[in-house]
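**Q** Letter by letter, the chains look like this.
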Amino acid sequence: MIVRPEPDRDSRPWWDAVRRHELTVQRCDACGRLRFPARAVCNACRSREASWTPVSGRGRVYSWIVNHQRFAPSMTEPLTILAVRLDEGDDLLMYGNLTEPAELCEGLPVEAVFTDHDGETLVNWRPLPG
Amino acid sequence: MPGFRDRTAIAGVGYTPFSKDSGVSTLTLAVDAVTAALADAGLTVDDVDGLATHRVGDSTPPWVVAPALGVREVTWYLDQFGGGSVSHSVVAQSAMAVASGMAETVVCYRAINARSEFRMGGTGRAPAPVFDVQYQAPYGYFAPPQQFAMYARAHMNRYGTTHEQLGRIAVRQRENAAKNPRALKRDPITLDDYLASRWIAEPLRLLDCCLETDGACAVVVTSRERARDLRRPPVLISAAAWGGGDSMFSGAGSTPAGTDWTVTEAARLAPRLYRMAGITPSDIDVAELYDCFTYSVLVQLEDYGFCPKGEGGPFVESGEGPPVNTHGGFLSEGYVHGINHIAEAVSQLRGDAGDRQVPNARTALSTAQPGYVLAGTSALVLRSDQ
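Top line first, the protein sequences correspond to chains A and B. Take 106 as the starting number for the first sequence in my numbering and just add one per residue. Take 3 as the starting number for the second sequence in my numbering and just add one per residue.
These are computed hints drawn from the structure, not numbers from a lab. Certain hints may be false.
With a cut-off of at most 25 Å between alpha-carbon atoms, the simulated SDA-like pairs for lysine to any residue come out as follows [claimed, not checked]:
| # | chain 1 | residue 1 | chain 2 | residue 2 |
| --- | --- | --- | --- | --- |
| 1 | B | K311 | A | R165 |
| 2 | B | K22 | B | G84 |
| 3 | B | K22 | B | F6 |
| 4 | B | K311 | B | M278 |
| 5 | B | K22 | A | A177 |
| 6 | B | K187 | B | A355 |
| 7 | B | K311 | B | V173 |
| 8 | B | K22 | A | P234 |
| 9 | B | K311 | A | D195 |
| 10 | B | K187 | B | Y161 |
| 11 | B | K311 | A | P178 |
| 12 | B | K311 | A | R190 |
| 13 | B | K187 | A | D195 |
| 14 | B | K22 | A | P178 |
| 15 | B | K187 | B | E214 |
| 16 | B | K22 | B | M278 |
Model the full structure from these sequences, guided by the hints.
**A** Laid out in structure tokens, this is it:
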């Protein structure tokens with residue numbers, strides 16, 4: 106963990122679920138649209154009614170970088186950062202670190218891995234076997 | 003668009019020296035750049051009734067700069083939140099203020115100690131408190147070179163864009179900077195130098211990145227008629243556009259375009275801009291394109307219509323299109339967050355760009371950060387008054 110996550114009033118339930126090792130997104134109760142990042146209003150129908158719904162934890166690598174510059178004191182080693190589109194929707198994008206070496210390419214299937222540090226939990230990614 | 007087109011002009015430009023440590027406050031930098039721009043226009047502080055800037059908590063606002071300069075009365079000001087994506091909208095909004103009669107002479111400035119005090123990458127300070135950052139910073143993702151590396155990788159994945167193609171941009175802009183006495187970096191570089199430079203965030207290297215710079219730049223906006231009576235040839239503000247919608251930063255797109263990182267907001271803005279100016283890309287004699295990183299130039303060559311989507315890499319290698327970043331850009335002149343691109347376009351259109359002058363430059367495009375971060379962009383078309 107490079108810096109501690111700082112939840113806001115919309116995202117606190119998402120981070121609480123991550124701490125329980127549950128990966129969720131919001132589903133609009135009015136129109137059914139899934140959304141992430143967390144926010145109180147649906148951008149398709151403007152409804153404020155939504156439910157946290159589990160997702161499969163599977164997605165595909167869209168892009169990635171290998172960081173070398175020490176932008177924060179804790180960045181002591183090269184770090185691979187992924188942008189992953191969830192299988193439940195191309196507009197459901199999550200970031201995270203790659204936890205196992207892999208030959209990366211666009212579309213590589215990955216699955217979420219929960220990583221606990223110091224009372225915080227982060228969502229990272231590993232290649233799906235096969 | 004008779005309400006805006008060609009009604010206002012840039013009458014003067016001014017700079018402080020660019021350095022890695024100015025040794026002075028951003029207030030002093032702002033005062034010096036504004037004073038230099040007024041002198042260039044043949045005006046004095048007594049002529050100023052408007053001041054405009056943008057900042058991200060890193061500079062001095064108009065209500066501090068105005069009394070420090072001794073401005074008698076401010077009738078309009080703008081203190082825009084934002085970084086490189088809003089740089090050109092500051093000048094555009096100042097032109098609107100002049101065109102509407104809210105002010106007669108507005109000086110736009112940007113003053114930053116972006117190396118010695120407030121480094122944009124977050125190095126030495128906490129990441130910016132933007133809502134998406136909580137999902138990114140814990141993984142070590144928050145600095146602009148990382149963001150543009152992520153977008154560049156998406157373009158490489160989709161279109162086969164290469165490191166060498168990005169390198170061509172860095173090499174060519176350094177050649178331009180060699181002819182610019184203001185430029186921080188004037189020693190030539192080769193493609194091999196580029197390829198040997200260290201990784202910052204793969205796929206971007208050190209020589210893909212702009213120069214963290216201390217400095218300020220200012221431009222004077224007034225009416226076309228008033229500008230015609232001043233010291234320098236007026237440069238008309240022919241068209242302006244700004245806006246946004248999708249946040250590619252978070253992936254929270256409201257349209258399908260929000261999920262494709264190979265297309266920027268500039269692709270939506272460009273047709274609006276050209277329609278207002280009454281031009282097409284082939285009419286542009288010189289383009290000063292926001293170059294926080296090399297990739298930003300490549301994607302804008304596509305999104306501003308100089309070549310088809312996906313062909314930015316081969317287009318850069320071909321050397322086709324108008325001269326780009328004639329001053330060396332942020333990569334080699336210095337990084338003043340957009341306004342130095344506008345000032346360079348003004349020099350080219352006035353014909354006073356010295357050794358780097360583009361012959362017969364009459365129409366210029368200048369652009370802001372193309373809309374990857376904070377989901378918006380802005381741009382200007384400028385033309386000589388002949």
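**Q** So, for every hint listed, does it hold in this structure?
**A** Hints versus structure:
Simply put, K311/B and R165/A have alpha-carbon atoms about 24 Å apart, close enough for the 25 Å limit, and the pair holds. For the proposed pair K22/B and G84/B, the alpha carbon gap of about 22 Å is at most 25 Å, so the pair holds. Proposed proximity of K22/B and F6/B is contradicted: the alpha carbons are some 38 Å apart, above 25 Å. Note on K311/B and M278/B: the hinted pairing holds, with a Cα-Cα distance of about 23 Å set against a maximum of 25 Å.
For the suggested pair K22/B and A177/A, the alpha carbons sit about 21 Å apart, so the restraint of at most 25 Å is met. Under the criterion of a C-alpha separation no larger than 25 Å, the hint pairing K187/B with A355/B is consistent with the structure, at around 17 Å. The straight-line distance between the Cα atoms of K311/B and V173/B is roughly 23 Å, inside the 25 Å bound, and the hint therefore holds. The suggested pairing of K22/B with P234/A is violated, with an alpha-carbon distance near 49 Å, which exceeds 25 Å.
The hinted pair formed by K311/B and D195/A meets the criterion: a straight-line CA distance of about 21 Å does not exceed 25 Å. Under the criterion of a C-alpha separation no larger than 25 Å, the hint pairing K187/B with Y161/B is inconsistent with the structure, at around 31 Å. Taken as a hint, the K311/B and P178/A pair is broken in the structure, with Cα atoms around 39 Å apart against an allowance of 25 Å. A hinted pair counts as satisfied when its Cα atoms are at most 25 Å apart, and K311/B with R190/A qualifies at roughly 23 Å.
Between K187/B and D195/A the CA atoms are separated by roughly 42 Å; this puts the pair beyond 25 Å, and the hint is violated. The suggested pairing of K22/B with P178/A holds, with an alpha-carbon distance near 22 Å, which does not exceed 25 Å. With a C-alpha separation of about 12 Å, the suggested pair K187/B and E214/B falls inside the 25 Å cut-off, and the hint holds. Simply put, K22/B and M278/B have alpha-carbon atoms about 39 Å apart, too far for the 25 Å limit, and the pair is violated.
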